[in-house]
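Enquirer: Protein sequence lines correspond, in order, to chains A and B. Residues in the first sequence are numbered consecutively from 1, following my numbering. Residues in the second sequence are numbered consecutively from 1001, following my numbering.
Warning: the hint list may mix true and false statements.
[Stated by the list, open to error] Here are some of the chain A residues that sit facing chain B, going by a computed Cβ distance under 8 Å:
#: 1; residue: Thr-18
#: 2; residue: Glu-22
#: 3; residue: Val-42
#: 4; residue: Leu-43
#: 5; residue: Ile-47
#: 6; residue: Leu-158
#: 7; residue: Phe-162
#: 8; residue: Phe-186
#: 9; residue: Leu-366
[What the hints assert, rightly or not] In the SDA-like style, the derived pairs of lysine to any residue whose C-alpha atoms are separated by at most 20 Å in a straight line are:
#: 10; chain 1: A; residue 1: Lys-101; chain 2: B; residue 2: Ala-1306
#: 11; chain 1: A; residue 1: Lys-101; chain 2: B; residue 2: Ala-1308
#: 12; chain 1: B; residue 1: Lys-1159; chain 2: B; residue 2: Gly-1108
#: 13; chain 1: A; residue 1: Lys-101; chain 2: B; residue 2: Gln-1084
#: 14; chain 1: A; residue 1: Lys-338; chain 2: B; residue 2: Glu-1174
#: 15; chain 1: B; residue 1: Lys-1159; chain 2: B; residue 2: Glu-1171
#: 16; chain 1: A; residue 1: Lys-101; chain 2: B; residue 2: Tyr-1314
#: 17; chain 1: B; residue 1: Lys-1159; chain 2: B; residue 2: Val-1088
#: 18; chain 1: A; residue 1: Lys-23; chain 2: A; residue 2: Arg-393
Simulated from the structure, these hints should not be mistaken for laboratory data. Backbone N, C-alpha and C fix where the C-beta goes; we use that ideal spot for every residue, glycine too.
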Amino acid sequence: MSTPATTGGKGGVQLPYTLSFEKRVEDIPKWLPVATALGSVVLAFLIAGIILGLIGGEPLKAGTFFFNATFGSWAVFSDTLVKATPLIMIGLGLIVAFKMKLWNIGAEGQFYIGAFAASLVVLVPLVPEGSPKVVVIGAMMIMGLIGGAIWGFVPGYLKGRFQVNEIITSLMLNFVAISWNNFWIFNTWSDAGFQMTPTFDHSAWLPRVTDYARPYGEFIETSTSPLVGFLRSIGLERISGMTLHLGVFFGLLAAVIVWWILARSRWGYEIKLIGDNPQAARYAGINIVRNIVLVMMFSGALAGLAGMSEITGVVHRLQERISPGYGFTGIIVAFLAKMHPFNVILVSILFGALIVAGRELQPSGLSLMLQGIILFIVVSSDILLRYRIRLLRTVKAGT
Amino acid sequence: MDPIIILHAGLATGTILLFASIGEIFTERAGILNLGVEGMMLMGAMAGFSISLATNAWWLGLVVAILSGGILGLVHAVVTIHFQAEQVISGLALTFLGTGLALALGTGLTGQTPPLVPSFDIPGLALIPIIGPIFFEDHSLLVYVGYVFTPLAWYYINKTRPGMHLRAIGEKPEAADTMGISVYRLRYFYVFVGGCLAGLAGATISLSISPGWFSTLTTNGVGWIAIGLVIFAQWDPVRAAIGGYLFGAIRRGILDLQGPPTLFGLTNPLFINANFIFFLQMAPFILTIIALIWGSQAAARKRIGAPAALGIPYIRGERGL
């Protein structure tokens, strides 16, 4: 496949080399997906910077602001991780769905319903008042998973049974979920007429790093143990105000579970086969309809858990605005992570940073634009995985 | 709860859906799925509004809105046609990009009042009893454009040679290619057309039906409803228009439900508890789901459905889909 390309000369400048796209027949080198992912992010930031400059902003200033506001100190890094936590869980759930070519665009709604279901534990209440923290949090986790699973079930069932396009149904349900939550927040559980429920009792709070500031703060500042000394030397001197909460461990645990499911379990094999070659899956006797429903429920459950984590770890109540678009950002996370569960963690941190910085970055909409550009580039870069670009020498026709 | 008012409003709101849906019909008939309608619409709404404000000419606003939608659509076209990327995700990326760009460029537009698209009666036709007040009285120019555009679109797709080429590249691009039809170029064209119409739909909102700029609330999911409408309409422009009008009428009907103290003899639930309005807010989206279920069932029954090559990149030289 290395015949020199010929160019029919019709006059004009002829370059001695030409690009040729050839379909890859060999395996993709391991570094290529990572390189394309990193390259996509860099390129996207560059393009966004150019656009920002064109519409009158200051790209360099925005860039340094971005870095300082997200990774500049332990406190802001904690904020970044807090915003990354739901993204990890949602991204993982979406990976499972996307591997089966099930386009779950409803993660946002599943997040909201998961938060709603978890709130039921406290607001109905579903466990006796005064139950120990473990019981309350455990119940809320289960309810969060159930709530998200139900909201994922609907588009899954409609797709499996009636072949209804899951993209639109899951997306429509996002709006329905928000209105549903709003009804309960404004109406039944409203806190003195405000648009939020009363703050949950402390037994329903996920432990946060800052909760340990009072008992351990002095210890950290004065201890002579080498480990603590090391932590102090890298700037981790005070932990009060760090809102990083247990939810991040839910995410890490979920990453391991999802990795195991996809890489080592039979279900994961079925999922991937259905996604790559539905006909082969059918001939192998795999029940596609059942898997559609199960996978959508699984994907929804993880998003629902993210919802539970957000309300118990961050705001400690059910309120109107609990997501800056996690369900949609999660889609980009899943893609940028090239559908690999462990990559999701790193990518989520990047996007958590984008969310933290996006709150103050002017003009508004910039963060969304950046996410769109990143997604465009990532999804375009897939072509590099299927084709090789080669430089071929051109020779004049006829020689 | 005046039926004439409801139907009248339905025609107005439905025009928005009509433009966006028919645009997406063109794109999907060519074989490309473009989920970025919401982004292109918001961009069109913003561009139309701001240009109309800047130049004091509503028609310039419309032109720029149309072009901006089309250009945004071209981004999706390059990524899906040339880079053969996954069309679902590229469309989503377009939604993010279009929405973000519209929000970024649209800051400061809220509260302004540019010149709007004029509304008027059609003399003579407006006098026909019942039909007149509904169809021909006090409508925006764009609504009347919609009346004419819909049958034209239908005729183009079904009865002309270029329309046949359009259908061919969406059903079996390899066959079209062997007949000398340029699949790539036509697909680019129809994605552009779809984008233009989405931009027009957006401008219809901000310069005509619901004038103003309210950032993301300007469109508030209408673009997605339009995509669902395409499936409900089984990729036919006339059905899309009718579906759009119906949807608009139902939406207005639901809004009017809040007014009267009694409904069909029973107390209006909204008078018991104003918060029931949230369930009304769900209505358009649940309706879309129901319409989709119905549409998918109907398609399955009649054994017709999406264009066969929809969503599959055309790669010259690869045989078989």
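Enquirer: Take the hints in turn and mark each one as holding or not.
Expert: Results for each hint:
{"no.": "1", "hint": "Thr-18", "verdict": "violated, 17 Å"}
{"no.": "2", "hint": "Glu-22", "verdict": "violated, 12 Å"}
{"no.": "3", "hint": "Val-42", "verdict": "violated, 17 Å"}
{"no.": "4", "hint": "Leu-43", "verdict": "violated, 14 Å"}
{"no.": "5", "hint": "Ile-47", "verdict": "violated, 10 Å"}
{"no.": "6", "hint": "Leu-158", "verdict": "holds, 6 Å"}
{"no.": "7", "hint": "Phe-162", "verdict": "holds, 5 Å"}
{"no.": "8", "hint": "Phe-186", "verdict": "holds, 5 Å"}
{"no.": "9", "hint": "Leu-366", "verdict": "holds, 6 Å"}
{"no.": "10", "hint": "A:Lys-101 x B:Ala-1306", "verdict": "holds, 18 Å"}
{"no.": "11", "hint": "A:Lys-101 x B:Ala-1308", "verdict": "holds, 18 Å"}
{"no.": "12", "hint": "B:Lys-1159 x B:Gly-1108", "verdict": "violated, 46 Å"}
{"no.": "13", "hint": "A:Lys-101 x B:Gln-1084", "verdict": "holds, 16 Å"}
{"no.": "14", "hint": "A:Lys-338 x B:Glu-1174", "verdict": "violated, 31 Å"}
{"no.": "15", "hint": "B:Lys-1159 x B:Glu-1171", "verdict": "holds, 17 Å"}
{"no.": "16", "hint": "A:Lys-101 x B:Tyr-1314", "verdict": "holds, 19 Å"}
{"no.": "17", "hint": "B:Lys-1159 x B:Val-1088", "verdict": "violated, 30 Å"}
{"no.": "18", "hint": "A:Lys-23 x A:Arg-393", "verdict": "holds, 18 Å"}
The structure fails hints 1, 2, 3, 4, 5, 12, 14, 17 (numbered hints given earlier, in ascending order).
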